[in-house]
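Protein chains: 2
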Amino acid sequence: MGKSMISEVASRYREIQDRACEMLEKADSIAKFSRNSWEKEIGSGMTRVLENGAKIEKAAINFSHVSGEYTSEMAKMAGRSSGRFAATGVSSIIHPVSPLVPIIHMNIRYFELNDGTSWFGGGIDLTPHYVDKAEASWFHKKLKGTCDLYDLNFYSEFKKQADDYFFLPHRNETRGVGGVFFDQIEPSGMEDFEKLFDFTSALGKLYPEIYSEILGKKSNLDYSEKEKSWQYVRRGRYVEFNLLYDRGTKFGLASGGNTESILLSMPPQANWAYQYLPEEGSLENETLDLLKKDIDWINL
Amino acid sequence: MGKSMISEVASRYREIQDRACEMLEKADSIAKFSRNSWEKEIGSGMTRVLENGAKIEKAAINFSHVSGEYTSEMAKMAGRSSGRFAATGVSSIIHPVSPLVPIIHMNIRYFELNDGTSWFGGGIDLTPHYVDKAEASWFHKKLKGTCDLYDLNFYSEFKKQADDYFFLPHRNETRGVGGVFFDQIEPSGMEDFEKLFDFTSALGKLYPEIYSEILGKKSNLDYSEKEKSWQYVRRGRYVEFNLLYDRGTKFGLASGGNTESILLSMPPQANWAYQYLPEEGSLENETLDLLKKDIDWINL
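Note that the protein sequences, when read in sequence, are chains A and B. Residue numbers for the first sequence follow the numbering used here, so the first one is 1 and each next one is one higher. Residue numbers for the second sequence follow the numbering used here, so the first one is 1 and each next one is one higher.
Hints listed in this document are in silico derivations from the structure and should not be mistaken for laboratory results. Warning: the hint list may mix true and false statements.
With a Cα cut of at most 20 Å, we get these calculated SDA-like pairs of lysine to any residue [stated by the list, open to error]:
| no. | chain 1 | residue 1 | chain 2 | residue 2 |
| --- | --- | --- | --- | --- |
| 1 | B | LYS226 | A | GLN269 |
| 2 | A | LYS32 | B | GLN275 |
| 3 | A | LYS228 | B | LEU168 |
| 4 | B | LYS250 | A | LEU300 |
| 5 | A | LYS250 | B | GLY248 |
| 6 | B | LYS250 | A | SER137 |
| 7 | A | LYS226 | B | LYS226 |
| 8 | A | LYS226 | B | GLN269 |
| 9 | B | LYS250 | A | SER201 |
| 10 | B | LYS250 | A | LYS226 |
| 11 | B | LYS32 | A | ALA273 |
| 12 | A | LYS250 | B | ARG247 |
| 13 | B | LYS250 | A | LEU253 |
| 14 | A | LYS250 | B | PHE167 |
| 15 | B | LYS40 | A | ARG171 |
| 16 | B | LYS250 | A | PHE251 |
| 17 | A | LYS250 | B | LEU168 |
| 18 | A | LYS250 | B | LEU253 |
| 19 | A | LYS3 | A | LEU113 |
| 20 | A | LYS144 | A | ILE210 |
| 21 | B | LYS292 | A | THR259 |
| 22 | B | LYS250 | A | LYS3 |
| 23 | B | LYS226 | B | GLU284 |
| 24 | A | LYS26 | A | VAL97 |
| 25 | B | LYS228 | B | VAL97 |
| 26 | B | LYS40 | A | TYR274 |
Covered, in the sense of this in silico footprint (three residues per stretch, anywhere, with C-beta under 8 Å from a C-beta of chain A), are these stretches of chain B [unchecked claim]:
| no. | segment |
| --- | --- |
| 27 | 4 to 12 |
| 28 | 112 to 123 |
| 29 | 239 to 246 |
A short, non-exhaustive set of chain B residues, derived as facing chain A with CB atoms under 8 Å [said to hold, decoys possible]:
| no. | residue |
| --- | --- |
| 30 | ARG171 |
| 31 | LEU264 |
| 32 | MET266 |
By construction, the Cβ of each residue, glycine as well, lies at the ideal position given by its N, Cα and C atoms.
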């Protein structure tokens, strides 16, 4: 690549963060995102949090722009040799009030190393407390629609990567119905860089659109105490994934990032019950049966 | 060592588990421990759980006796070359109902490798939601009393190891007021083996005695909603430690152990709040000030 593009990327990603906050505030109708800008030795960021909304229990949208020396641990985690790096990204998780509304997660990020290499990463994935096949299918079609504008291979490749990544081996469960995920795509030149930059930007824009639509459709449906309890148990799984496997969390904590911002992925409340086994034929049990890799959600 | 001692150790550890359950049932006065024996390819175990007691919200006491091939990942975690291993241990965590009563954790374990080496590990540590200096001092004196019966260096060495191990770098906090912890002590011969076997057994016996006394003293004290909320936030830290750093949890999950038994360390409910900062001069703030390494609790 030669020329550093980090400032351009950081600037557009920052706008994507603001746009997502605006759209989600409108969708929630009551609560507002707080703004907390932070500066540390490693760089700076803007943490935006919405808590105790009408429809959203907790939403976090982080932007950061950092640079520094790779530690050997970070280098190992990223599969790279040591050196200087610069990185910028937006990451977000939303925990809804209603157990009938899914948890959603989005991340877009850009890395540059001092050896001239650079790459994009990111994705969007959905974690329903109760899997709704029609919703999962609609969600995957939305993702495919955006992917197809940039590369006809993106959806199938990144859908598979999401299945593999958002997986809890100790539970033998996927985290949810997946989505798209890509770890490191290196642009082959300036044109390819623009394509990938636009693609990650498009994902960042699609994210609040998708969630606003789901919130509008499902937030006002009645739910029971039992469904709320199940939501807390499923949030426990979310905590397990994020602390045991999530590379962003591990990388962030290991690199001396802002702990409160990184752990905004934690739900407001999570519960654990010993051997909580849903009844045969229940909706909870049906959900467990659908937490599998390689489901073709689009043609279900 | 030559001769395998795993059966003798497993048999006594199993009795220690039963004794702890009996004493804790008496202390709780209402709830009983369930029994769930499990068998997997790797070995067998007995999981005992008490939920929704009068004083204890959730207590788990696991016994296991397993053997198998070291995977390369396990070997790396244990700092050993690969080969066959056998292991037995008791581990326990108790989450009380009252925020004024601390969380407690105990683990004793014995490992043998097919190259003839063997070692003991274990410890007891206390995690108050509100640090009570007198209680912490009393707790450390109890531990020192037991340590001193076996080796006058044990307490100071293992107290330091507990401080170092039960630490959350991303929070710059110790998990609680520490206790004793030792990872791998290899017996130098048969006499030393007996000493270490007796020492770990003594810790396993001390554990329910200490906790019964604390429960008796503090369970009936009144507490507020605010104190209960703080308990949930502190439990969040407990979850963070166990999933991010606890070697037993990581080793157990990586070795294909029983997930439900391993994750019994999770609290029934944990909460996360963004930048929850206690007021200056509050008891919550005083507790944060005391979550530090190298406090001489005995001579405080």
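Here's how the hints hold up against the structure:
no.: 1; hint: B/LYS226 to A/GLN269; in the structure: holds, 16 Å
no.: 2; hint: A/LYS32 to B/GLN275; in the structure: holds, 17 Å
no.: 3; hint: A/LYS228 to B/LEU168; in the structure: violated, 31 Å
no.: 4; hint: B/LYS250 to A/LEU300; in the structure: violated, 36 Å
no.: 5; hint: A/LYS250 to B/GLY248; in the structure: holds, 18 Å
no.: 6; hint: B/LYS250 to A/SER137; in the structure: violated, 35 Å
no.: 7; hint: A/LYS226 to B/LYS226; in the structure: violated, 26 Å
no.: 8; hint: A/LYS226 to B/GLN269; in the structure: holds, 16 Å
no.: 9; hint: B/LYS250 to A/SER201; in the structure: violated, 36 Å
no.: 10; hint: B/LYS250 to A/LYS226; in the structure: violated, 31 Å
no.: 11; hint: B/LYS32 to A/ALA273; in the structure: holds, 16 Å
no.: 12; hint: A/LYS250 to B/ARG247; in the structure: holds, 16 Å
no.: 13; hint: B/LYS250 to A/LEU253; in the structure: holds, 17 Å
no.: 14; hint: A/LYS250 to B/PHE167; in the structure: holds, 16 Å
no.: 15; hint: B/LYS40 to A/ARG171; in the structure: holds, 15 Å
no.: 16; hint: B/LYS250 to A/PHE251; in the structure: holds, 18 Å
no.: 17; hint: A/LYS250 to B/LEU168; in the structure: holds, 13 Å
no.: 18; hint: A/LYS250 to B/LEU253; in the structure: holds, 17 Å
no.: 19; hint: A/LYS3 to A/LEU113; in the structure: holds, 11 Å
no.: 20; hint: A/LYS144 to A/ILE210; in the structure: holds, 13 Å
no.: 21; hint: B/LYS292 to A/THR259; in the structure: holds, 18 Å
no.: 22; hint: B/LYS250 to A/LYS3; in the structure: violated, 42 Å
no.: 23; hint: B/LYS226 to B/GLU284; in the structure: holds, 10 Å
no.: 24; hint: A/LYS26 to A/VAL97; in the structure: holds, 16 Å
no.: 25; hint: B/LYS228 to B/VAL97; in the structure: holds, 9 Å
no.: 26; hint: B/LYS40 to A/TYR274; in the structure: holds, 18 Å
no.: 27; hint: 4 to 12; in the structure: violated (count 0)
no.: 28; hint: 112 to 123; in the structure: violated (count 0)
no.: 29; hint: 239 to 246; in the structure: holds (count 4)
no.: 30; hint: ARG171; in the structure: holds, 6 Å
no.: 31; hint: LEU264; in the structure: holds, 6 Å
no.: 32; hint: MET266; in the structure: holds, 4 Å
Against the hints set out earlier in the document, violations occur for numbers 3, 4, 6, 7, 9, 10, 22, 27, 28.
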